[in-house]
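K.L.:
Mind the numbering: the sequence shown is residues 549 to 742 in this note's numbering, read in order.
These are computed hints drawn from the structure, not numbers from a lab.
Just so you know, not all the hints are guaranteed correct.
Here are the in silico distance ranges between beta carbons for each label pair [to be verified]:
(1) Ala677 <-> Tyr725: 22 to 28 Å
(2) Asn698 <-> Asn557: 15 to 21 Å
(3) Val571 <-> Glu713: 18 to 24 Å
Distance condition first, Cα-Cα at most 27 Å in a straight line; then the derived DSS-like pairs of lysine-lysine [unchecked claim]:
(4) Lys689 <-> Lys618
(5) Lys674 <-> Lys662
(6) Lys709 <-> Lys581
(7) Lys565 <-> Lys685
(8) Lys674 <-> Lys581
(9) Lys575 <-> Lys739
(10) Lys618 <-> Lys581
(11) Lys674 <-> Lys689
(12) Lys605 <-> Lys685
(13) Lys674 <-> Lys685
(14) Lys605 <-> Lys575
(15) Lys618 <-> Lys575
(16) Lys555 <-> Lys621
(17) Lys662 <-> Lys689
(18) Lys575 <-> Lys709
(19) Lys581 <-> Lys719
(20) Lys555 <-> Lys565
(21) Lys662 <-> Lys709
(22) Lys709 <-> Lys565
(23) Lys565 <-> Lys658
(24) Lys656 <-> Lys575
(25) Lys581 <-> Lys685
(26) Lys555 <-> Lys605
(27) Lys618 <-> Lys656
(28) Lys605 <-> Lys581
(29) Lys656 <-> Lys709
(30) Lys618 <-> Lys719
(31) Lys662 <-> Lys575
(32) Lys618 <-> Lys674
(33) Lys689 <-> Lys704
(34) Lys709 <-> Lys555
(35) Lys605 <-> Lys621
(36) Lys674 <-> Lys656
(37) Lys709 <-> Lys719
(38) Lys581 <-> Lys704
(39) Lys618 <-> Lys555
(40) Lys581 <-> Lys555
Here a beta-carbon is modelled for each residue, glycine too, at the ideal position from N, C-alpha and C.
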Amino acid sequence: MTSLDNKDNLRDEALRKIGRNVVNFQKIEALLKVLVLYSSVDSQTRDNEVTHSFNEKLIQNRPLGEVVSKFLKNLIDNRVAENEELHSSELQISTRFYLDMDAEDVAKEKIELKRLVSERNQLIHKDLASIDFNCVKSCRKLISELDEQNSRVLDKLHQLKDIWETFNQMKNELLTYFQSDEFLAVFIEAKNDT
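Make a model of the complete structure from these sequences and hints.
P.N.:
Set out below in structure tokens:
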């Protein structure tokens, strides 16, 4: 008799796997929020004060479905023209971070993310209320489904971590440039032109 032949052990294992999946869904949500937050940042000088266009409070309390919609809009659907004209007398620095994907990959990404939102909502809001944790068959079925789900969740989590690492590399390159003499010369020239 293995440890998962016992009803209590099966129930405990099912509950552990529920917790694991919920934590991994939360990690996805947190990564999506930070990617959305920094996907488009506009900074400008106004009265010798630097202001930024992002607002952390607007994204931090949004549910996963809304965050996914923002992620899809900001990082996949919303491409800015390379030489977009800025209409301001103030000095502006804008950064945009987006994923360059073909139409087939965009469609696939949208389906995957929306499926994860649906699965997470199903798990949290529906499945848990209907599971009989005293039934060996129900627990085994749930454990199997949670393992399959976690595989998909971890795949997306790794993909988002890769995107975050790429963003951080880009950010570090920008910071290095901003600290360079080359940037200082461009900055001074732009400041003199305003």
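K.L.:
It remains to establish, for every hint, whether it holds in the given structure.
P.N.:
Each hint tested on the structure:
1. Ala677 <-> Tyr725: 22 to 28 Å: violated (53 Å)
2. Asn698 <-> Asn557: 15 to 21 Å: holds (19 Å)
3. Val571 <-> Glu713: 18 to 24 Å: Check passed, 21 Å falls within 18 to 24 Å.
4. Lys689 <-> Lys618: Violated. Lys689 to Lys618 sits at ~34 Å, over the 27 Å cutoff.
5. Lys674 <-> Lys662: holds (17 Å)
6. Lys709 <-> Lys581: The hint holds at about 12 Å.
7. Lys565 <-> Lys685: holds (16 Å)
8. Lys674 <-> Lys581: With Cα atoms ~25 Å apart, Lys674 and Lys581 stay inside 27 Å; holds.
9. Lys575 <-> Lys739: violated (42 Å)
10. Lys618 <-> Lys581: Distance ~9 Å between Lys618 and Lys581 Cα, so the pair holds.
11. Lys674 <-> Lys689: Holds, at about 16 Å.
12. Lys605 <-> Lys685: violated (44 Å)
13. Lys674 <-> Lys685: holds (19 Å)
14. Lys605 <-> Lys575: holds (18 Å)
15. Lys618 <-> Lys575: Status holds; Cα separation ~17 Å.
16. Lys555 <-> Lys621: violated (46 Å)
17. Lys662 <-> Lys689: holds (24 Å)
18. Lys575 <-> Lys709: Judged against 27 Å, a Cα distance of about 10 Å means the pair holds.
19. Lys581 <-> Lys719: Holds - the C-alpha atoms of Lys719 and Lys581 are around 17 Å apart, at most 27 Å.
20. Lys555 <-> Lys565: Cα-Cα ~15 Å, so holds.
21. Lys662 <-> Lys709: Distance of about 18 Å is within 27 Å: holds.
22. Lys709 <-> Lys565: With Cα atoms ~22 Å apart, Lys709 and Lys565 stay inside 27 Å; holds.
23. Lys565 <-> Lys658: Within the cut-off at roughly 26 Å; holds.
24. Lys656 <-> Lys575: With a Cα-Cα distance of about 21 Å, the restraint between Lys656 and Lys575 holds, given a limit of 27 Å.
25. Lys581 <-> Lys685: Violated, because 38 Å separates the two Cα atoms, which is more than 27 Å.
26. Lys555 <-> Lys605: violated (44 Å)
27. Lys618 <-> Lys656: holds (17 Å)
28. Lys605 <-> Lys581: At roughly 11 Å apart (the allowed maximum being 27 Å), Lys581 and Lys605 satisfy the hint.
29. Lys656 <-> Lys709: holds (18 Å)
30. Lys618 <-> Lys719: At roughly 21 Å apart (the allowed maximum being 27 Å), Lys719 and Lys618 satisfy the hint.
31. Lys662 <-> Lys575: holds (16 Å)
32. Lys618 <-> Lys674: holds (25 Å)
33. Lys689 <-> Lys704: holds (23 Å)
34. Lys709 <-> Lys555: violated (37 Å)
35. Lys605 <-> Lys621: Answer holds: Lys605 to Lys621 is near 18 Å, not above 27 Å.
36. Lys674 <-> Lys656: holds (26 Å)
37. Lys709 <-> Lys719: holds (15 Å)
38. Lys581 <-> Lys704: Satisfied, since the Cα-Cα distance of roughly 14 Å is no more than 27 Å.
39. Lys618 <-> Lys555: Outside the cut-off at roughly 43 Å; violated.
40. Lys581 <-> Lys555: violated (39 Å)
This entry does not satisfy hints 1, 4, 9, 12, 16, 25, 26, 34, 39 and 40, going by the numbered hints stated previously.
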